[in-house]
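Enquirer: Sequence:
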Amino acid sequence: MSKMISKKLRFTFFILLELVLFALFYINLYLTDSSLPFYLYVGLFPPILFFLVYISESSRKELKKLLLSKDMIVLFAVISVWIYIYALDKLSIPYIFSTLYFPVLIEELNFRYLITSYLSEVMSLPRAIVVQAFLYTLLYASYIIVLPGSYPGIYAPLFIIDMLSVGLIYGAVYYIRRNLYIDISFHLSLWLMAAVIPFLLVWIPYTFAPT
Numbered sequence: 001m002s003k004m005i006s007k008k009l010r011f012t013f014f015i016l017l018e019l020v021l022f023a024l025f026y027i028n029l030y031l032t033d034s035s036l037p038f039y040l041y042v043g044l045f046p047p048i049l050f051f052l053v054y055i056s057e058s059s060r061k062e063l064k065k066l067l068l069s070k071d072m073i074v075l076f077a078v079i080s081v082w083i084y085i086y087a088l089d090k091l092s093i094p095y096i097f098s099t100l101y102f103p104v105l106i107e108e109l110n111f112r113y114l115i116t117s118y119l120s121e122v123m124s125l126p127r128a129i130v131v132q133a134f135l136y137t138l139l140y141a142s143y144i145i146v147l148p149g150s151y152p153g154i155y156a157p158l159f160i161i162d163m164l165s166v167g168l169i170y171g172a173v174y175y176i177r178r179n180l181y182i183d184i185s186f187h188l189s190l191w192l193m194a195a196v197i198p199f200l201l202v203w204i205p206y207t208f209a210p211t
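Reminder that position 110 of the sequence shown reads as 110 in our numbering, one-by-one numbering, no gaps.
None of these hints come from the bench; they were simulated from the model.
All of these numbers come straight from a predicted model, not from anything done at the bench.
Among these hints, one or two may not hold up.
What the hints assert, rightly or not - With a straight-line cut-off of 30 Å between C-alpha atoms, the simulated DSSO-like cross-links for lysine-lysine are:
hint	residue 1	residue 2
1	Lys8	Lys70
2	Lys64	Lys7
3	Lys8	Lys64
4	Lys8	Lys65
5	Lys65	Lys7
6	Lys7	Lys61
Whole structure, please, built from the sequences with the hints as guidance.
Expert: This is the structure we're talking about:
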C-alpha cells in the first residue's frame, strides 16, 4: 500500500494525524472536568502509529531495527530495578507500567521514532532530530499556554529549557544507538524517581517531566 500512496499524501496524513494528537493533548489540559480527550489521546495513538508506519516503507524498515536491538536488555533491567524499588517502598507497581505506556512509550514512539522517521525523508536525520525536539517542547509548553500560572510555576523558564534539552538528548541517543530502549529507560526513570528521591532533589523530575 505504501507504494500506492504518494509521498505528498503520506505527509498530509502524517501532519493531520499529528495535529489531532497535539490538539487532544492541549484540550485535555483545558477541559479539566472531562477525561475524554485524555482517553482519546492514549487510545488513538496505537492505530495512528500503525497506520502511519503501514503507509511508509522507510518507517517499517526503521521499526525492525528499533525492535531487534540488543539494548532491549537495558530496558528490561531498568524496569526490574524499578519494580524492586517500588515494592521495597510499598509503592504502586501498576503505576510503573501505566507510566511506561503513557507518557513514555507514546512520546518516544511518536517523537523519536515516528516524527523523526517522517521528517528524515525531507531533511537530514540530525535536522529531523532537532525539529522533533522543538515539537516535543511545544507539546509540553501546553502547560504554560493553557494553564498559565500553574505548573510548572516559577520553574517555567527552566521547564522549557529542560524539555528542549531532553528532546535533544533523547534524539541524540536515538541517532547514536538507532533504537529507543535507552531513551525509554531514561525517560521512565525520570518519571518514577519523583516518588523516591529526597525532597530537596524533587525539582529534577519536576522540571523534566510533569509529575
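Enquirer: Next, verify each hint and record whether it holds.
Expert: Each hint tested on the structure:
Proximity of Lys8 to Lys70 is assessed by CA-CA distance (about 35 Å); at most 30 Å being required, the pair is judged violated. Straight-line distance between C-alpha atoms of Lys64 and Lys7 comes to about 21 Å, which keeps the hinted pair within the 30 Å bound. Only pairs whose Cα atoms come within 30 Å are accepted, and Lys8 paired with Lys64 is accepted, the gap being roughly 24 Å. Only pairs whose Cα atoms come within 30 Å are accepted, and Lys8 paired with Lys65 is accepted, the gap being roughly 25 Å.
Taking the CA atoms of Lys65 and Lys7, the gap is about 22 Å. The hint holds against a cut of 30 Å. For the hint pairing Lys7 with Lys61, the CA-to-CA distance comes to about 16 Å; that is within 30 Å, so the pair holds.
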